[in-house]
Amino acid sequence: MKEFLMGLEVTRRRVLATGAAVAGTAALTGPLSSPASAADRSQARTKPTIVLVHGGFADASCWNGVIERLQHAGYPTLAPANPLRSLPTDAAYLASALASISGPIVLVGHSYGGAVITNAAAGIPNVKALVYIAAFVPDKGEQLGVLINKYPGSIIQPATRPVPYPGPDGTTGTDLYLEAGSFRAVFAADLPAATTRLMHATQRPFSAACFTDVTTSAAWHTIPSWALMSEADKAIPPALQRFFYQRAGARKVADVPGASHVAMMSHPGITARLIEDAANSHS
409 MKEFLMGLEV TRRRVLATGA AVAGTAALTG PLSSPASAAD RSQARTKPTI
459 VLVHGGFADA SCWNGVIERL QHAGYPTLAP ANPLRSLPTD AAYLASALAS
509 ISGPIVLVGH SYGGAVITNA AAGIPNVKAL VYIAAFVPDK GEQLGVLINK
559 YPGSIIQPAT RPVPYPGPDG TTGTDLYLEA GSFRAVFAAD LPAATTRLMH
609 ATQRPFSAAC FTDVTTSAAW HTIPSWALMS EADKAIPPAL QRFFYQRAGA
659 RKVADVPGAS HVAMMSHPGI TARLIEDAAN SHS
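Positions in the sequence shown are counted from 1; adding 408 to them yields my numbering.
Everything labelled a hint here was simulated from the structure, so no lab data went into it. Errors might be hidden in some of the hints.
[Said to hold, decoys possible] As a list, the in silico DSSO-like pairs of lysine-lysine whose alpha-carbon atoms are at most 27 Å apart:
#1 K642 <-> K558
#2 K455 <-> K548
#3 K660 <-> K536
#4 K548 <-> K642
#5 K455 <-> K660
#6 K642 <-> K660
#7 K558 <-> K660
#8 K548 <-> K536
#9 K548 <-> K558
#10 K548 <-> K660
[Unchecked claim] Per label pair, the in silico range of CB-to-CB distance:
#11 T454 <-> G553: 40 to 48 Å
#12 D467 <-> E639: 22 to 30 Å
#13 G666 <-> A468: 20 to 28 Å
#14 G657 <-> G553: 19 to 27 Å
#15 G666 <-> Y559: 13 to 21 Å
#16 G561 <-> G531: 27 to 35 Å
This structure is a prediction, so every number in the text was calculated from the model and none was measured. We treat Cβ as the ideally placed atom computed from N, Cα and C, and that holds for glycine.
Using the sequences and the accompanying hints, generate a full structural model.
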């Protein structure tokens with residue numbers, strides 16, 4: 409019996425010692441891990457939200473490769489559907505989406521989406537940077553249908569097919585589609601043919617009114633801009649892109665040799681890095 413009681417006492421002491429050691433370890437590791445987690449959360453909160461706006465003949469999936477990289481870098485991202493009905497309609501819709509976001513915003517537009525962000529961002533104080541990807545950058549009073557003819561090189565107009573559609577007010581509008589035989593050469597010559605066949609089949613047409621609508625606000629006058637120039641673009645000629653970006657005083661222009669109109673798809677890494685440059689310099 410005496411030996412049995414002595415064994416219990418030894419076991420009790422070991423349990424107490426082990427408990428003290430665990431408690432000591434918790435005391436050491438708890439305070440060390442908590443501040444790091446708080447810092448990570450704080451950093452996530454201070455990163456701007458990246459809002460990506462597609463253009464005509466496309467949808468938000470064109471940003472998938474860019475979104476993947478931005479999210480991996482910790483940026484909140486949003487790629488709303490651009491209605492593609494008219495410049496006033498599309499800009500108002502985007503402005504409503506921007507109004508739902510708290511904290512700083514980096515606003516990115518591709519092609520016609522550049523005109524939409526130019527109009528939508530005006531007067532929204534938390535939009536800290538504009539990024540144009542092979543985009544229209546109109547000034548107040550300008551029309552895209554006039555600008556596209558400012559420099560030679562675009563082959564997109566003869567490649568479009570007009571299709572009438574009924575408007576909600578009973579009038580008839582005109583949607584523009586890219587023809588199958590021209591889609592790849594005009595829009596995405598640096599992507600595989602299998603990819604461009606899928607893109608053609610799922611293209612979203614946009615209203616011809618977008619080319620005649622007048623820009624009413626030009627946010628790039630007050631918001632700093634960054635830009636990517638597609639050097640082999642057959643939709644918006646490189647010379648026109650260069651004119652836009654120089655006039656807007658873009659802080660950085662990324663020239664991408666051989667890039668088609670959809671550079672964010674063929675060169676998502678370059679596109680994401682440019683957006684991160686803008687996000688890191690949005691003050």
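Now the hints, each set against the structure:
1. Straight-line distance between C-alpha atoms of K642 and K558 comes to about 14 Å, which keeps the hinted pair within the 27 Å bound.
2. In summary, the hint linking K455 to K548 is not supported, as the alpha carbons are separated by about 31 Å, beyond the 27 Å threshold.
3. The suggested pairing of K660 with K536 holds, with an alpha-carbon distance near 15 Å, which does not exceed 27 Å.
4. Only pairs whose Cα atoms come within 27 Å are accepted, and K548 paired with K642 is accepted, the gap being roughly 25 Å.
5. Straight-line distance between C-alpha atoms of K455 and K660 comes to about 20 Å, which keeps the hinted pair within the 27 Å bound.
6. Note on K642 and K660: the hinted pairing holds, with a Cα-Cα distance of about 22 Å set against a maximum of 27 Å.
7. Straight-line distance between C-alpha atoms of K558 and K660 comes to about 23 Å, which keeps the hinted pair within the 27 Å bound.
8. Note on K548 and K536: the hinted pairing holds, with a Cα-Cα distance of about 20 Å set against a maximum of 27 Å.
9. Restraint check for K548 and K558: satisfied, since their Cα atoms lie roughly 16 Å apart, inside the 27 Å limit.
10. The suggested pairing of K548 with K660 holds, with an alpha-carbon distance near 23 Å, which does not exceed 27 Å.
11. In this structure, T454 and G553 meet the distance hint of 40 to 48 Å, their C-beta atoms being roughly 41 Å apart.
12. The hinted range of 22 to 30 Å is satisfied by D467 and E639, whose Cβ atoms lie roughly 25 Å apart.
13. A C-beta distance of roughly 25 Å is found between G666 and A468, which places it inside the suggested range of 20 to 28 Å.
14. As the Cβ distance of G657 to G553 is approximately 25 Å, the hint placing it in 19 to 27 Å holds.
15. Checked against the hint of 13 to 21 Å, the C-beta distance between G666 and Y559 comes to roughly 19 Å, which is consistent with it.
16. The hint said 27 to 35 Å for the Cβ distance between G561 and G531, and at roughly 34 Å that hint holds.
The structure is inconsistent with hint 2 alone, although it conforms to all the rest.
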